[in-house]
Amino acid sequence: MSMNKVYNRIESIVGNVITVKATGVRYKELAQINTRFGKSLAQVNKIDGDTVSLQVFMGGQGVSTGDEVRFLGRDMRVPFGEELLGRIFNGSGDPRDNGPMLTENMKPIGGPSVNPTKRILANRMLRTNIPMIDMFNTLVVSQKLPIFSISGEPYNQLLARIAMQAEADVIVLGGMGLKYDDFLYFKEELSRGGALSKTVMFIHTASDPTVECMMIPDMALAVAEQFALEDKDVLVLLTDMTNYADAMKEIAITQEQVPSNRGYPGDLYSQLASRYEKAVDFANSGSVTVLAVTTMPGDDVTHPVPDNTGYITEGQYYLKGGRIEPFGSLSRLKQNVNGKTRKDHRALMDAMIRMYSAYKETLEKKNMGFSMSRWDNKLLKYGELFEQRLMDLSVNMSLEEALDTGWRILAECFEKDETGIKSDLTDEFWPEK
Amino acid sequence: MTQNTGKVVSINGNLLSVKFDGSVSMNEICFVKVDDTALKSEVIRIKGNIAQIQVYEMTDGIKCGDEVEFTGDMLSAELGPGLLGQVYDGLQNPLPVLAEQAGWFLERGIYADGLDRDKKWEFTPTAKVGEVLQAGGYIGTVPEGPFTHKIFIPFYLLGSYTLKSIKEKGMYTVRETVAVITDERGRDIDVTMSFKWPVKRAIRCYSERLAPVETMETKVRLIDSFFPVAKGGTYCTPGPFGAGKTVLQHTTSKYADVDIVIIAACGERAGEVVETITEFPELTDPKTGRSLMERTIIICNTSSMPVASREASVYTSVTLAEYYRQMGLNVLMLADSTSRWAQALREMSGRLEEIPGEEAFPAYLESYIAAFYERAGYVRLPDGSTGSVTIGGTVSPAGGNFEEPVTQATLKVVGAFHGLSRERSDARKYPAIDPMISWSKYRTVIDGEKSDFCKDILHKGVEVASMMKVIGEEGTTLEDYILYLKSEMLDSVYLQQNSFDAVDADCGSHRQRYVTDKLITVLGSDYELKSKDDARTYFNRMRQRFIDWNYKAFESGEFKNAEAEIDKLYSEGKGSLTGSAENLLKGGR
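Top to bottom, those sequences are chains A and B. Numbering follows this note's numbering, with no gaps: position 247 of the first sequence is 247. Numbering follows this note's numbering, with no gaps: position 236 of the second sequence is 669.
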């Protein structure tokens, strides 16, 4: 066994990765390295004969070739239990509040995927009272959805609001490269809303070492999975996955991996997918729902991180200009639930989006100076009302109220047969003038 | 065969280097022993006495010096009765069996037989003792769901064989000997109802390959009428994320006019597989009146499952498709998504430190894609019957850009291209197949000239629309504007389809022919419309009538009433058929 084997010679130090000559070491095993700045964990990420590469959690800075490396004979684990609630940890699993270190009931992280035949069809609506979500892109229990956004947008505010309004037994917050201010904001907001006592936080801030950033999603999701197996509905909030991907890129480049797109490793898709796929609804047990902020460098949705994410997740919320855009936003699972809400839900949703798309085209024509037809003017009025009464992020109403509002907007702007909605629905729901 | 072993000398993700003594063959299966388990792996490169192997599992905990056992076999699928209705992983492990053994999670190192060893099947012999047989010939049958499953002379047996003995009609398991055959040198070979076939090799036990001519109805109007797929043909569906590739494949797997559907969920979401597993047993196959699941096999290697078995999953799927084709059946194999398969190749290529091609994909990407699609085909079998494998693959191009290597390599080899566009999906147009860029080399279910007539209207409409963006509506002539409205109407009442509505989603070829004739009448007519506003109002109303018509069951009373509404509005608009449309309608009848 490699337990407690100690090595006093580090062969190379490149970025956050060191190599030592060692035998009997297992792939992904943890080691502890004692540097003049204190102790740090390190994890084996490549073995070539007796050359073992390790990524050092606190980074390579200040590591000396003479530092002691002690292999621990175990893999990365995270504590689990009710006592986690209300606690805050860093990317090494150490407390970053003033609470005690937890060492009981350690669970492995990054475990195997759920057998697809043990999953059940996502079929419970998760109400948020945000019409652009509930009515147009319904969130479903066990769904995995990113919030695509741009630096400067209020994505963390949106995340916090969903955390407080959504019905979940446990909230797990994973912060990666989080600004310290934002960390404090989450702490304050969740405690103000009374949600802190059902929350576990794994926080890596922008000033913490890169390797710790890479541990955050696995730890957050491992804890979420354990709670779900104890029949809890868990909401995992991750922010920001682009920082996570950038951390992976940094390590991959350090280890001279052939990059695929814009320097990201070729397995970016698989890496992101194995995290997002932790979202699950267990038959006769709990669930894990994942919402993950993904900032898009340069508002470019074709950037590798949002692009790969979009292929993995079940849609996305696109937060731009302080509101959830109807184009670009999509909840793929909405049809699992929106047929059971109210019978006009789907048809009204489709028609309103179609009309809004037509409005956008008309707006473009108007901005180019073309004269507006009678139809164009109807669309312009419609677009304005839609944005004001439903799109604004401050709007807070139930799904049913949102649907009624939708019909009123249509009736204020159009005739029945201009909407493209089946006649039996307009006959029933069209408001009297 | 003597047991051949080796020792692990390096570990990099799921790529291991193994030092071995004896001889090892390329693509041979081996097992890495770690703790109490043995992890299935495949040899992908050999240099001197070092074999590089890809492990089909997570490699955590492996150390140098761990033992590797080589099996001498290539990665194979077990073929025989009992495949239909199964949900397998990429290595043909039945997932429900794994769940019984391991519970919630796919624990590594647990494998199960592809076919149930204990289940008995009713075998009826069809061959006579003394009969001379070859690989691909059959000796008997068993009923499997709605099909007559043929029991073959294993495909890997070369040369001719004489049937020495055969069991009587009765119940047997797939591993019991049901016949003995004698080869040309007098050696006896036992034949069971199942045998193994290496998945990366195509099954070629047919007399000849024929041109795919018969259209495979998908019930999707946009596909069948304008960009059809043939039985034995190939097609691809590239599109940016969220454009509806998977929904379209899901609909196709339900409604396609074939005997058997094999769904390869390759590197995509587990949730989608759950949908199919939940929904299919409840649905009825209109052809057989039995559960849809009885004609379906799901090979599911979702995105979080190990990447090496993702690569294997498409081959396992197409092997099962070829097997049922050998019984004279029409099989549709749907791969979602071929890009994930290509990425699996890329990940491995990167670890092997091969010189990267475009976007770091390996240089052999194109030939691998071509070889995969070439496994589709319409064939004549030794007994004179025909069978087909149709392959439809989705492509997930990075950034939705079709210029990328996987899309381009695929377009070179397929017979139809259904390109999904972000614009159409954003505007909630389903299916989001863009008629401006898509194409097909196969035969449409409506008359070819009628199909061209409609496509022509679409093209002209798009031209007018882009012109209007520059010169505005007021600068457009009434004539052009009406053309634009007609093309918009055609798009919304015929190209778009409601996949959630049982009637609208299931639009057969008879209905498609009937409806296009009506559409050609409406679109191929001139009207007495005085202004653009009049024209818009008129076509909005006409559109509404057609949409209502789409939801009525074909040839029902309601259907006829809705049709009468269209005719009424047509005469109100004083429509008069143009010469070209009139000729078209006459010629087509």
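To be clear, the hints were calculated from the coordinates, so they are not data collected in a lab. Any given hint could be a false lead.
What the hints assert, rightly or not - Computed list of lysine-lysine pairs in BS3-like fashion (alpha-carbon distance at most 30 Å, straight line): (1) B:LYS965 x A:LYS381; (2) B:LYS597 x A:LYS340; (3) A:LYS46 x B:LYS496; (4) B:LYS602 x B:LYS452; (5) B:LYS1001 x A:LYS378; (6) A:LYS365 x B:LYS893; (7) B:LYS440 x A:LYS21; (8) B:LYS963 x A:LYS416; (9) A:LYS360 x B:LYS1001; (10) A:LYS46 x B:LYS466; (11) B:LYS602 x B:LYS553; (12) B:LYS888 x A:LYS365; (13) B:LYS963 x A:LYS422; (14) B:LYS963 x A:LYS360; (15) B:LYS452 x B:LYS629; (16) B:LYS965 x A:LYS365.
Stated by the list, open to error - Going by beta-carbon spacing under 8 Å, a handful of chain A positions derived as facing chain B: (17) THR23; (18) TYR185; (19) SER270.
Claimed, not checked - Derived list of chain B stretches under chain A, where covered just means 3 residues or more per stretch with a C-beta under 8 Å from a C-beta of chain A: (20) 616-624; (21) 747-754; (22) 902-913; (23) 941-948.
Positions of the beta carbon are idealized from the N, C-alpha and C atoms, including for glycine.
For each hint, the structure was consulted:
Annotation: proposed proximity of LYS965 of chain B to LYS381 of chain A holds, straight-line Cα distance about 20 Å (limit 30 Å). Taken as a hint, the LYS597 of chain B and LYS340 of chain A pair is broken in the structure, with Cα atoms around 63 Å apart against an allowance of 30 Å. Taking the CA atoms of LYS46 of chain A and LYS496 of chain B, the gap is about 10 Å. The hint holds against a cut of 30 Å. For the hint linking LYS602 of chain B to LYS452 of chain B, the alpha-carbon distance of about 51 Å lies beyond 30 Å, and the restraint is violated.
With a C-alpha separation of about 28 Å, the suggested pairing of LYS1001 of chain B with LYS378 of chain A holds against the 30 Å cut-off. With a CA separation close to 20 Å, the supplied pair LYS365 of chain A and LYS893 of chain B stays within the 30 Å bound. Proximity of LYS440 of chain B to LYS21 of chain A is assessed by CA-CA distance (about 19 Å); at most 30 Å being required, the pair is judged to hold. A threshold of 30 Å between alpha carbons decides the hint, and for LYS963 of chain B with LYS416 of chain A the separation of about 23 Å falls inside it, so the pair holds.
Only pairs whose Cα atoms come within 30 Å are accepted, and LYS360 of chain A paired with LYS1001 of chain B is rejected, the gap being roughly 34 Å. With a C-alpha separation of about 18 Å, the suggested pairing of LYS46 of chain A with LYS466 of chain B holds against the 30 Å cut-off. The straight-line distance between the Cα atoms of LYS602 of chain B and LYS553 of chain B is roughly 12 Å, inside the 30 Å bound, and the hint therefore holds. As the CA atoms of LYS888 of chain B and LYS365 of chain A are separated by approximately 27 Å, the hinted pair is consistent with the 30 Å bound.
Annotation: proposed proximity of LYS963 of chain B to LYS422 of chain A holds, straight-line Cα distance about 28 Å (limit 30 Å). A hinted pair counts as satisfied when its Cα atoms are at most 30 Å apart, and LYS963 of chain B with LYS360 of chain A qualifies at roughly 27 Å. The hinted pair formed by LYS452 of chain B and LYS629 of chain B meets the criterion: a straight-line CA distance of about 28 Å does not exceed 30 Å. Taken as a hint, the LYS965 of chain B and LYS365 of chain A pair is honoured in the structure, with Cα atoms around 17 Å apart against an allowance of 30 Å.
Annotation: THR23 of chain A was flagged as interfacial toward chain B, and the flag holds, the nearest CB pair being 7 Å apart, inside 8 Å. Contact between TYR185 of chain A and chain B, as hinted, is not supported at the beta carbon level, the nearest pair being about 30 Å apart and thus beyond 8 Å. Below 8 Å, beta-carbon pairs count as interface contacts, and SER270 of chain A has one with chain B at about 5 Å; its hint therefore holds. Restraint check on the segment 616-624 of chain B versus chain A: 0 residues with Cβ-Cβ distances below 8 Å, three needed, restraint violated.
Here the segment 747-754 of chain B counts 0 residues with a CB under 8 Å from a CB of chain A, which misses the bar of 3, and the coverage is violated. Closer than 8 Å: that is the beta-carbon criterion, and the segment 902-913 of chain B has 4 residues meeting it against chain A, so the requirement of 3 holds. Against chain A, the segment 941-948 of chain B contributes 0 residues with a C-beta closer than 8 Å to a partner C-beta. That does not satisfy the three-residue criterion, and the hint is violated.
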